[in-house]
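**Q** Below are the chains, spelled out letter by letter.
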Amino acid sequence: MVATSKCIGIPRSILHLEFEGAIERFLRRLGVNIALSPPTNAEIFRAGKRVVIDELCFPIKIFVGHVAYLVAHGVDQILIPTIVGHVNDRAFPCHPRQRLSDIVRALGICDANRLLTPAFRYDRHGLTAGSFQSLAQSLGFSEAAATQALQTPCPEQLVTEIPIQQDGLTVAVVGHPYVVEDAWANNHVIRRIEQLGCRVTTRIDHRPTAYAPEGSGLHFALAARTVALAQAFDQEDSIDGIVLLLPFNCGPDGDIAGHLVRTTTKPFLTLVLDELQSSAGLVTRLEAFIDLLEGEPIPIGGQPR
Amino acid sequence: MKFFTFSWGSNYIAVRGLLRSLGHDLATPPPIGPAIAKRGIARAHPFLCFSGKLVLGQMEAQLENGERRLAFMSSLGPEACRCADTSDYVCALFADYDGFSAHRFGGGNLGGALENLRSHFGPHIRKFQCFRAYATFTGKVDLLHKIDKRCTRLRCMSTAPKQVRELEQAALARIDRAPGPLALWRVSRWFDRAAARLPLRSDPPSLKIGIVGGEHILSELPSIMVVIKQMAERGIFVDWRSSFRMLVRSNERTLAPLKERCSDYLHKAPSTSEIFSCAHALDFVSEGYDGLLHIYAFGCMPQTSLKPILQRIASDAQMPLLSLAIGDRFAEEGLEGRLEAFIDLLETRKKKGVTR
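First to last, the protein sequences are chains F and Z.
End of the first sequence = 357 in the working numbering, gap-free, step of one.
End of the second sequence = 361 in the working numbering, gap-free, step of one.
Derived from the structure by calculation, the hints contain no laboratory data.
Check the hints yourself; a few may be wrong.
Unchecked claim - Okay, the calculated bits of chain Z under chain F, using three or more residues with CB under 8 Å as the criterion: (1) 51 to 62; (2) 242 to 256; (3) 268 to 275; (4) 314 to 320.
Backbone N, C-alpha and C fix where the C-beta goes; we use that ideal spot for every residue, glycine too.
The whole structure should be built from the sequences, with the hints applied where relevant.
**A** Here's what the structure looks like:
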């Protein structure tokens, strides 16, 4: 089944985390040799920050750092998918995420011919099968091989449920997957909340919120997902409070942050994540938030603040 | 019904044309200035782009004057940005104004546009009314674009810049009054004759500067960066090709040649608005302009994504590039200083015969 012997590097950052490793799993099933960059660390971030213009958001700098890592470690090609948008042409990724491969190419950190930039579209469930087929064919695999790889069950896919209410507090953490799932980017916020004696949940699988919920009226798909997820958590009895992780200078989530604070009924904390990795302010805010949750449980169906 | 909207330079005139041809009207937006910017900054999240803050400031000022029905144009397509976020979010931002409602106009084709108009004004809207309304709208957008382009060029080429300014104002008033496509054609003819009578300089422009940037912020340059138009009056030829018109006319057919033009720098699959700026920058390079000026609103996602790409284009072409981000500090002094330094650099290069 192996149509390419090249080693393809995948940055363990924005798109990999956003689509829960779907492209990596697909390529592995096809038998492609994959090198995944390590989890984000300070060195990776600094490598990105050195070359990316200041105004681009924090996660883009991390992403470029991952690409630089893969370049330095000699992979044959680096996979940077170009995410075009929802199949309904009504919801789109933000512009920097759509232009990741162009930004990397313009920065000159890697030869253009080492970049593999297949176009992908998504629907409410995630990336579409047609996009995977095109990627496989561009790598020299047959349509049958791609179909088989797509149909292979996915044992590693996580299905988590919101924990049943027990003693103690449960905090929902929402935000873009590439900050929620990236412990360095979010300054280990999940571990810190757990250290304060709370359970943390980041997903809600028994009630489908969908990858890109339709009908939200929002242009940017991940912002729509964040709104849908936060609203779903707001309706859950077992959730005591919601934390929104907002990367510095993220336009779409900046727009919705105020909206969520106004419309959710549960205590809501917005944490802006930036390049300053000091934990002092973060811990104080988390402790104050947990104190608030312990002191004043808000009844479900309570009036919006 | 009377609506209100934000200015988009002078393009609110086209939205008013659409509404008037259906028997409705549109308030004139307040001019952009420090007070409007201040309102927008207070209303918006800090991460919202400066263009968005100006828009929110203009909306708030009109809501305080008693306007309640917001009309805004958006295709909802990939070339759009936050302006495509529909009424739920906008309504939530202005929930403290009783009776506020947001009405998005637009549609991918005549059928979509008709359906959209009926959703606002009822099922009695006929197909020919829709056709006439959009013919008036697009006719006004096209003519506003033409007037802006010609007057910018005339500012550089004419020895009578005051007359150019007066001609531009008179043309805008006539476009606003024109009830339909035929009247617009007459305005266009009148403008051509008047422009042809203006006295012209005999010497060529001292410099040619190509401007690229966000469509909204470029449309508002006369309000927020009058220094750009003054550059033209000093004999510097300035040209920008991005406009509201490009967004209105944008579709896969019109984008295809631009995507091809940009293929060395931009992936062909997305149809986002950076394509316009990238293609225009490449045009300015190939047409022998002396420098590239990139003007964008601070926080503008398309233009921020494009910035490293423009840097690469300028580097490949060995062409000077200046990026000016217009942000919450609503003062021109810093921008003017940088602009003057850029012009000095271009003039020195030209005097020394530095070629790209």
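**Q** So, for every hint listed, does it hold in this structure?
**A** Outcome of the hint check:
Only residues whose beta carbon comes within less than 8 Å of a beta carbon in chain F count, and the segment 51 to 62 of chain Z has 4; three or more means the coverage holds. Look at the segment 242 to 256 of chain Z against chain F: 0 of its residues bring a Cβ nearer than 8 Å to a Cβ of that chain, fewer than three, so the hint is violated. Note: the segment 268 to 275 of chain Z has 5 residues with beta-carbon separation from chain F under 8 Å; the three-residue rule is met and the coverage holds. Look at the segment 314 to 320 of chain Z against chain F: 3 of its residues bring a Cβ nearer than 8 Å to a Cβ of that chain, three or more, so the hint holds.
Hint violations for this structure: number 2 only, all remaining hints satisfied.
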